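Q: The chain contents come next:
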Amino acid sequence: MSGPPPIEVRGLRKIFRQTTTGQTVVAIDHLDLTISPREVVAIVGQTGCGKSTFFDLMIGLEAPSEGLIHIGDKSPHADFDHFRGRIATVFQQDRLLPWRSALDNAKLPLELIGLPEEEQRKRALTWLNRLGLGQFTNAYPHELSGGMRQRVAIARAFAVEPDILLADEAFGHLDEVTAADLRETFLELARECGSTAILITHQLEEAISVGDRIVVFGKSAKLLADIHVNRWGKESHPLLREAIQSTLLNNRADPRLAGVP
Amino acid sequence: MTEEYRESVPVLTFPRQTFVSLLVFAAVWEALSYLAPYLGIPPFAIPSLVRIAKSVMTITPIDIVVTLARVIAALIVSFVLGLALAMAMYRSESLNKYLHPMIRVLMAVPVVSWILFAVLWFPGVEFRIGFVLVIVCGPVFLIDTLDAMHGVPRELRHMMQSFRPTTWQYFFKLMLPAIVPTIFTSWKVNISLAIRVVTIAELVGAVTGIGHQLSVAQELFSVADVFAWTLVLVALLFLLEAIVARVEARVLRWRA
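Heads up: the protein sequence lines correspond to chains W and Z, in order. Taken in order, the first sequence gives residues 1 to 261; the numbers are from the working numbering. Taken in order, the second sequence gives residues 262 to 517; the numbers are from the working numbering.
One chain only, chain W, in its complex shape (with noise of 0.2 angstroms):
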């Protein structure tokens, strides 16, 4: 297996021009990121500092104003159809299809990747098990709870065993108990799949207790501070989350977080 390709953001910016008003929002402004293989980075930051544009940029369904995003030496919006299978996505809703039952909304991506059916059903009844769905295939979404239906958003992904996960504020509508299972089990498939996992979220326990670094974003994507969690005993994890609400809170690098190589 080669694994999964590195991920360079160089001077990117997005710029939307507003339809009513004409006027130029900057959402996100020069951005330079790497990510590498097998990473589980968590992007935090307020409302509206450009997080959710970066994901849609990272999934390639906007392209960007000006830099570049490469994953390997391909962009995800220039050669959109070559991550089809490689780049999944879970998002804050569930975002299942409520005509198709838990084992059919799994399958949806291996069945646009072209699998035989038999090795779709196969592979998503095998995701739908590790999920602890495996007596609720045939359920509609409409038959599940919140927490159950994420799980299959979440098998859905899965289901290809892609080389970038990315995830957008996937478990901060769920109770505090259901969303801990989840991002806990989340890390372990992504773990285990060898998947690059980017989880968005404006929630620091969350950032802190799932990623391997922790990106802050200030606003228009401006990047506060870049931190290697690990390189934090987790005695230290209260300072950390204080150090991170400060930087959110000034809008710049709180001295705290230099101090750690």
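Hints are computed from structural coordinates only; laboratory data are not their basis. Watch out, some of these pointers could steer you wrong.
[What the hints assert, rightly or not] Simulated pairs of lysine-lysine, DSSO-like, Cα-Cα distance not exceeding 30 angstroms:
hint : chain 1 : residue 1 : chain 2 : residue 2
1    : Z       : Lys358    : Z       : Lys449
2    : W       : Lys122    : Z       : Lys434
3    : W       : Lys219    : W       : Lys74
4    : Z       : Lys434    : W       : Lys74
[Claimed, not checked] Partial list, computed: chain W residues near chain Z (C-beta under 10 angstroms):
hint : residue
5    : Ile59
6    : Leu61
7    : Ala63
8    : Gly67
9    : Phe91
10   : Ser101
11   : Pro109
12   : Leu115
13   : Pro116
14   : Tyr140
15   : Lys219
16   : Lys222
17   : Ala225
18   : Val229
What you are looking at is a predicted structure, and each value in this text was computed from that prediction instead of being measured. Backbone N, C-alpha and C define an ideal beta-carbon position, used for all residues, glycine too.
Guided by the hints, dock chain Z onto chain W, whose structure is given.
A: Okay, now just chain Z, sitting in the frame of chain W:
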């Protein structure tokens, strides 16, 4: 796992009120047919239920089959054309901008005008009837499906696009299933519309079909026959709607 699994519970309803209202209507009609001479109404204007039943017994099934075939064929053609154009208009914003006003104009033209155009433009009776039905029902399918496509939640479109489908996959795995409820509603509306339009079209130019038989009944001043054929039309409409509702319930069983 502590999360809950909810079973959906099917609900059955008995249309008792429907039977009651039909019975009341029949009783009022029968009473009026007896009272007609005393009210100064000619007896043939409100025939008794027995007389109507006799007319029903003389109905020629071939006319029902012909009308039904015309309606079903025209609805299928209208649906295919409407859906294909809606998909093209959804894909191409400029095509949408050019075609949309034209479709609105077509929809504003009265049915009678279309029948007159058809009589003046086309020699064949079947083509005339088919043309009128398609030109009336097609735009309804088109506008309904196009609006439904635009109404597919952005979240679902975004999710689907993130998995990088081809154009065909996007339509057949997301857009089409998502608009199925609207398609059923559109079919129900168009069945009712087509039954009414085909009757008028057959009245004007056809020598077969329920509309033609209504025209003959009118020439013979036979209200009982008109009533009988009208009953057939209503029954046909209910039957077609029931079939669509049955298919709808089966296809949309995923709905809460």
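Q: Which hints, by number, does the structure contradict?
A: Hints 7, 8, 12, 13, 15, 16, 17, 18 contradicted; others consistent.
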